[in-house]
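Participant: Sequence:
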Amino acid sequence: MYNVLYCKSHGLVYISNPKVACSSIKNSLLCGFDGDVHLEARKRLSLPNNKDIPIFILTRNPYSRALSVYKDRIENKHDVVVRDGFCKKYGLETKDDISFYQFLSALNNDKDKSIMDMHYRPQVLNLYTDDVEPCFIGRIERMKEVEIFLSRYNVNLVNKIPHARNASNTYIDEISQDEAKLIESIYSQDFDLLGYDRNIKNINPPECIYQEQVVRGEYLKLVSSKYTRLYWELRFFFVRCKSIIKKIQLYLIK
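Numbering (this note's numbering), first residue to last: 1 to 254.
Hints may be right or wrong, so weigh each one.
Label pairs and their in silico Cβ distance ranges [what the hints assert, rightly or not]:
no.: 1; residue 1: D110; residue 2: D36; range: 16 to 22 Å
no.: 2; residue 1: P206; residue 2: E233; range: 30 to 36 Å
no.: 3; residue 1: T228; residue 2: N156; range: 31 to 37 Å
no.: 4; residue 1: Y231; residue 2: N204; range: 40 to 46 Å
no.: 5; residue 1: I209; residue 2: K88; range: 35 to 41 Å
Worth flagging that the hints you see were computed from the coordinates, not collected in a lab. Cβ coordinates follow ideal geometry from the N, Cα and C atoms, glycine included.
Using the sequences and the hints given, assemble the complete structure.
Facilitator: Now the structure itself:
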């Protein structure tokens with residue numbers, strides 16, 4: 001749960017969902033930052049300690065998100081963290097080209113999606129939908145409405161949202177029928193629980209949702225126990241260290 005971020009200055013909890021404008025939302029909560037926004041967010045935003053703090057999340061069409069993460073993190077051989085981790089996990093050579101179909105097939109054959117990298121893990125797992133019903137569910141396809149919600153907490157949306165631009169309807173023509181079936185299988189709960197249509201030609205996103213907030217289970221443990229919060233802080237620290245070490249190793253090899 002190290003992607004649960006409490007912004008004390010704005011009185012909001014944001015559950016980060018990779019490949020769904022998370023860089024821009026973090027940047028907005030930080031009031032603009034030019035460096036590594038993910039690292040800075042972990043420095044300046046904390047884990048929540050109160051169950052009543054308003055929580056918001058963003059979701060994205062599963063077809064669009066799957067294609068986006070493939071292009072940015074798998075097809076792009078310069079990604080030394082997510083791509084190399086994917087290749088190692090699924091027994092592929094980092095030097096080889098990986099097709100979109102290969103990428104999806106590997107994910108579809110993975111029986112434990114809970115330990116997937118968050119960039120391509122189902123959104124319902126990233127967002128802890130079993131334990132969290134947030135007060136606001138925003139859609140990357142409806143960023144104007146997200147902007148209105150954030151403005152109520154004096155958050156100015158930073159206009160740097162490449163995913164929102166790339167979340168256009170181009171995926172309809174880029175994804176084959178076989179690839180679409182794999183996406184439907186991998187992300188079946190995202191379609192069902194987040195309200196997206198399995199019909200790839202239906203470009204209308206679900207509405208943003210305002211609702212009464214409900215939290216339970218692991219989220220309650222997080223906010224009620226300083227030891228649970230320490231556990232997640234340490235997990236993030238070790239994940240970050242592994243990422244930095246990997247980058248240093250690859251730099252030295254070059």
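Participant: All hints are to be evaluated individually against the structure, with a verdict given for each.
Facilitator: Status of each hint after checking the structure:
no. : hint                    : in the structure
1   : D110 / D36: 16 to 22 Å  : 29 Å, violated
2   : P206 / E233: 30 to 36 Å : 34 Å, holds
3   : T228 / N156: 31 to 37 Å : 32 Å, holds
4   : Y231 / N204: 40 to 46 Å : 41 Å, holds
5   : I209 / K88: 35 to 41 Å  : 38 Å, holds
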